[in-house]
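There are 2 protein chains.
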Amino acid sequence: MEKWRIENFYIYLLMKANFEGGLRMRIAIDAMGGDFAPKEIVLGAVEGAMEYGVEAILVGDEKQIYTYLKDCPKTELIKVRHASEVIEMGESPSKGVRKKKDASIVVSAQLVGEGEADAMVSAGNTGAAVAACLFKIGRIPGVERPAVATLWPGIYGTVIMLDAGANKDCKPEFLLQFALMGDLLAKTAYNIEKPKIGLLNIGEESTKGNDLTLKAYKLLSKADINFIGNVEGTELLFNKANVVVCDGFTGNMVLKTGEGVANFIVTLLKQEAVKIWSDKNFSEEFKTIMSKAQKRLDYTEHGGAPLVGINGICIITHGRAIAKTIKNAIKMAMEFVKSGVVKEISCKFHVE
Amino acid sequence: MEKWRIENFYIYLLMKANFEGGLRMRIAIDAMGGDFAPKEIVLGAVEGAMEYGVEAILVGDEKQIYTYLKDCPKTELIKVRHASEVIEMGESPSKGVRKKKDASIVVSAQLVGEGEADAMVSAGNTGAAVAACLFKIGRIPGVERPAVATLWPGIYGTVIMLDAGANKDCKPEFLLQFALMGDLLAKTAYNIEKPKIGLLNIGEESTKGNDLTLKAYKLLSKADINFIGNVEGTELLFNKANVVVCDGFTGNMVLKTGEGVANFIVTLLKQEAVKIWSDKNFSEEFKTIMSKAQKRLDYTEHGGAPLVGINGICIITHGRAIAKTIKNAIKMAMEFVKSGVVKEISCKFHVE
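Line order of the protein sequences matches chains Z and P.
Just so we're aligned: the first sequence equals residues 1 to 352 in our numbering.
Just so we're aligned: the second sequence equals residues 1 to 352 in our numbering.
Source of the hints: derived by calculation from the structure; they are not laboratory data.
On a predicted model such as this, the values are computed, not experimentally measured, just so you know.
Each hint should be verified, as a subset may be incorrect.
A pair holds if it fits inside one copy or across any two, identical chains being indistinguishable in the list.
[Stated by the list, open to error] Straight-line C-alpha distance at most 25 Å; calculated DSS-like pairs for lysine-lysine: (1) K280 x K295; (2) K292 x K280; (3) K74 x K39; (4) K215 x K95.
With the sequences and hints as input, model every part of the structure.
This is how it looks when you write it as structure tokens:
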């Protein structure tokens, strides 16, 4: 994340130059996905497009999209692509994608698959995003299962964890592939020369774990990566590894538990603070500390989670995404396109 | 937890009366288990025995035990049972228990199995505690797998989560049994009339989850319990359910992640606080808030985790247990003996 902030101006200049030279990156945005769609998605897309000089293709119900675009600054960077259907959050992803061929999330993936967009962003149903990408963009040859890579704001910098939810039941071989993909992601998108790769597990020793992690440990030990062994939940955020692999059920569980515990502690602290300062007249110092810490944890500050292993770039962002989240997801999508990670994974898996 | 605090004096009186009447509860304490053994274990056992009027049988190397007992107040409530071996933290539980028949953890379980103690407490290797209990105390007939029940300090009171690590790979049927045992634990030891039982999962809907949770959901729906559906990691500490079931790998992962995220947030807050008050000259209010919140999260304040499904009571406490932890674990052991939970589970599983 930090790196991107620093490079922000540089990226802008580069994109601007490309744009002025007739080349510009095109990002398909699922305008109908997320709790605050389409309003926040539309606003974020406009902000992102203008700030980074990319073309944002808003995909969804054009009538609703134009309603919100009306109040935005006019820019030729915004395009609208009508899509008549929406896959809801509770809907079965595979059935939804099969049935609703004109759903905004499916059409967004189709634009990437057909080369009309360089990347896509969605705050919709994660399962549907994965299914739509598999259906319309396809896997990189050799990749068995694409994975959602989540970026944790560790104490000393970003920690990449995959899979965070695309594959609920995994074979040990999938975890090996996640490690190989995570390794390339860390190298290309984060400029980490020799990423430390860990296996998320319930003990430090190689003899600890369930059937899946015990077998995966053996495979990872033999792989051509810098495997540092097991990483426990206690160590995840303290940057023991740059990349941590796990099955999608465990990854999603850990992610949600982390969110829950963070909220729990903030609640505890506020309960104690109210005992000191009644009527929530918290001291300025306490308010500053809390808001700065919460900012570091805030999902709206980060872009989202890339889906790796597909033949293109898809950023899956938080279901509660607001405009700022979408703007940041656009920046992340640009970064991943620029990083060439898809090409790197293709080469790696083609050779092996 | 709260309940115990209130009942503290009552328990003491009851125990004292029993003790004076010639009956006293006997608790076997594995003196060699944990990072600070035997010193902290011995000190905690003496404190606990004297405070609650129970007999503490310290099991382990007698020479070392007597060294630390020398400095303690003299009391006839302390007994020592020599055991010449120790199962180390990194050691294979099953091999360790098979080979080291005179290990402190094995002998502690043996005392319970042979009726020489009413309960045991250990801060040693969790796997070894489970293996020793299975070997020397045995399962309650009908119980397929005993489970470690962890007690989370939820915002509105204790949340029981099981299994927290005894069974790394589970069948759906095991989760059903965990739910039945957790239900009885909540009723007997926590006086909750109709405990809300949840399934730890990665989505609210019944269609969410991995193969295990999808199948377990169906079994739980049909069981004679107050099943309220899936509980996500975000909701665990906000008391959506009184009892939450999961496989031991997931439970242990969630437990350690919770610990890690809590440490992470405390670190973040202190990093921000140092920016305001240099040289760690934090305001008194900030220090009070932090220490009170940390106290609510502190494992040394809580006793430990009961192993349910065995034909006796075993409290597995934190590997970093200090004297206070052991004292609290003794109190918890007494409470569980008194609750009659073993008898309740025996009846339930005998009938079914």
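Violations among the numbered hints, reported as their numbers in ascending order | Going through the list in order, the structure violates no hint and respects every one.
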